[in-house]
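Colleague: Let the hints inform the model, and build the full structure from the sequences given.
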Amino acid sequence: MTPSTADIAAASAMEYRRAGRPASWPRAASAPPISLRHILAALWLALIPSTLFAQVPDFRQVFDDHGVVMLLIDPASGQIVDANPAAADFYGYGRDALRSMTIAQINSFSAELLAAERALAEKENRNYFIFRHRLASGELRTVEVYSHPFEFDGRPLLLSMIHDITPGRSLEEGMWHYQQRLEELVAARTAEAEARHRAVIALLAGLSVAAVLTLVLVLAIRRIKRAEAELRESDALYRHLFHANPNPMWVFELATLRFLAVNDAAVSHYGYSRDEFLSMTIKDIRPPEDLPRLYENLGELPAGGLDQAGVWRHLKKDGSVIEVEITSHVLEFDRRECELVLAHDITARRQAEERLRESEERLRLSTELAQVAVWDYRVPTDRMSRSKNHDSLYGLPWQDDWEFGTFLDVTHPDDRARAHETIRQSLAPGGLDHYAFDFRVIHPDQSIHWLSVVGQVVERGPDGSGMTVRGTLTDVTERKRGELALALAARRDQALLNLPEAAEALDEAAFMQRGQELAEELTGSRIAVIHLVDDDQETIERVTWPRATLEQDCRATRDKHCPVSQAGVWADALRLRAPVVFNDYANAPDKHGLPQGDAGLERLISVPVIEDGRVHMLTGVGNKPEPYSGADVETVRLLGESIWRIVSKKRQQAELRQKLAELQQWYEVMLGREGRILELKREADALRQRLDEPRRYAEDLADLPQEGGIAE
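Anchor point for the sequence shown: position 445 equals 445 in this note's numbering, and the numbering is continuous, going up by one each time.
Everything labelled a hint here was simulated from the structure, so no lab data went into it. What you are looking at is a predicted structure, and each value in this text was computed from that prediction instead of being measured. Treat the hints with care, since some could be wrong.
As the list claims (entries may be wrong) - Below, computed lysine-lysine pairings styled on DSS-like, alpha-carbon distance capped at 25 Å: (1) Lys480 <-> Lys624; (2) Lys316 <-> Lys649; (3) Lys225 <-> Lys659; (4) Lys317 <-> Lys649; (5) Lys317 <-> Lys283.
Modeller: Have a look at this one:
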C-alpha cells in the first residue's frame, strides 16, 4: 500500500525528533566555499519542515471538538480556566459559568481535602483520581479524573479529563485522533512552501550568490527552530491521544472494515503484529455469532459521530475471548470515511464482579438457610455459646470450650491487636453497643481466610460495662479476594503506565532494576530476577539484581553470563517456552536445581518473553510468603513484556541515532572534499595565468624590430 502524505509526514516528524538538531551551527567565517549544491540543500532544509510537520492539529481544535469532558484548571487556586463543550453538556452549566467557578464548587470533597490532594498531585506528577462531582441539577456523579500538567503561554495549568463511572456508565471516555485536520494542515503547509519557494527563486534572480545564500540560511534556521517547537508540542498531544494511550486504539475504514492504523497497546494486548492487523478487518477479531450485531451497529452510527457502543466480545490471536467497552468516533482519515475506536478491556473486572456476585449470592443463601454462624458471649464467665458451623469457619473441628482467648489465638497476628481493641472499646462503659469488623484467620493448612464479625451488646452492668454480646460470623474470603484482586490490578496498571516515564529518566540498567523492584512489590516476593537470552538461545545474561534482593536473600555469583545448562530452575521457562510456577519447590519433581551462589527457594515464578518465535528475556520472582496465584503469573508476564518492549524500542532508537550520526559525518566529509576541489581549481587557474604572462612579454619584444628598428 502506498503511504499517504500524512503517513510520510508523521514518520519524518518522528525521525526528526529522534535524531535531534545539531548542537550548534558553523560560523560563516570558518565555512568552506559554497556551491550551488549548498544553496539548494539549505533551501530544501528551509522549506521541507513546515510541509512535514504541518499535519498535527492544534490543542484548541482537539480541546473544543473532542467528546471527552475536559477542564483546564489553575493548580494554585483551583480556578477553572476553560471548559470544552463536552464539559458544559455533562455538568449542565454554560462554558462561561464554568469559567467563573472553581473545581471545589463541583467536587463534593471539602475544600481543605481538595487543596491538599491537588498540591500533592502537582508535586508527584500524578494524574489519576476518583471524585464525586455535583452537576448543575444537584445530582452527584462518581468520576475518574486524569490530570497532567502543561504549560500554556508560560502559565502552568492542569489538563483534566473526566470519565463518568457512575454505575451504568462506561469507565473510559474516548480519546480522538483527528487525522482529517492533519491532512488539511499538510495541504496548507505544502501550498505555503511552494509559494515561498517561488519567492526565493525570484530573489536568487536579482541578488548576488552571497546575499541569496545568507537569506536562505537565516530562513532555514528560523524555520527549523519554529518546526522544532511545533514538533515538541504536537508530538506530546499525538502520543497521548493515540500511540501512548494505555488502552488499545485503532482506525478502520467504514466501507471495507479494514484496519488502517493501530497503536502499540492494541498490538501488545491482542497478540497480532502491526502488519497482521493491517491485513485484517474488524470482523476478524469478533466471534462469528456477534457479526449480525456488528452490522446493525455500523448501520446505526449516531449523526454526531461519537458512539458509546457498549460492551463487545473480541478475539485475541491465541483464540481467547475478552470483553471490551467500545467508544468510537467517525472521522476522515487519509481521504476516507473511517472510525476511530478505543477499546477498554473489562474482562478482569467482569470476572471479579461475577465472583463478587457469586460470593454475595452464597452469603444470601447461607443466611436464608441459617448457615451463618451465630454466637452469644457472656463476659463475666468468659464463655461463648455458638452454632455448630462456627468453629469450622476458623478451619477448626468443634472445640469443647470457646473463650475470648481462643478467639485471639486463632486471629491473624496482624489483626489481633485491632480486633481486641475494637471489642474492648465496645464493652467499656460508654462504649458503642454495635461493632463490626473484618479480620483474617490462618487455617491449619496455612491458608488465609477472611471473616466478618458483627456484635451487639445486649446487656450492660450497673457501671455501664458490657455483660452479654450476641452476634454473627460470616466467611467473606471470596469478597475480600475479589477486592484485593481489583486493588492489585489497579496498582499493576498504574505501574505499567509509569514504566515509559521511568524509561525516559533512567538508563537501561537502572530501568531494568526498577522493573525488578516492581515485580517484587506487586507480587509480594522477597526476590526477583531478570535474565536476557542470547540469540543462540543457549546462554542467558543475568541483569543487575535489585538492592532489596542483594541485601535480603541473595549472594549470587558476579558472573553475569551463564549457559542454559547451568542456569538451573530459572531457565526452565526458556526450556519449556511457557511460565513455570513452583509453590513447594523443595518437594517439586523434575526440577533443575539452582545456579551456584543462589539462595534457597521456597516458591518461584519464571515467565519467558517471546517475540517473533524467540525467547528474548526471562522474568522471575520468588519466595512469596504465601502460594503464588494466577494473578501473580499474569502480573509477572505483563511486567516482563512491558520492560522488554520498552528496552527493545530504546535500543532500536539508539542504533538509529548512531546511524544518523554516521550519515551526518559522511555528508560533512563529502562537502569538505568538494570545497577542496574548488579551491585547487582556482589555484590552478591563477598559476596558468602567471605562466602565460612571460610568454606574452617575449612575443611583444620579438615584434619590436618589425615596427621600425632600434636607433643607432
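Colleague: Each hint needs a verdict: does it hold in this structure or not?
Modeller: Here is what the structure says about each hint:
1. Lys480 <-> Lys624: holds, 19 Å
2. Lys316 <-> Lys649: holds, 23 Å
3. Lys225 <-> Lys659: holds, 23 Å
4. Lys317 <-> Lys649: holds, 23 Å
5. Lys317 <-> Lys283: holds, 13 Å
The earlier numbered hints are all upheld by this structure, with none contradicted.
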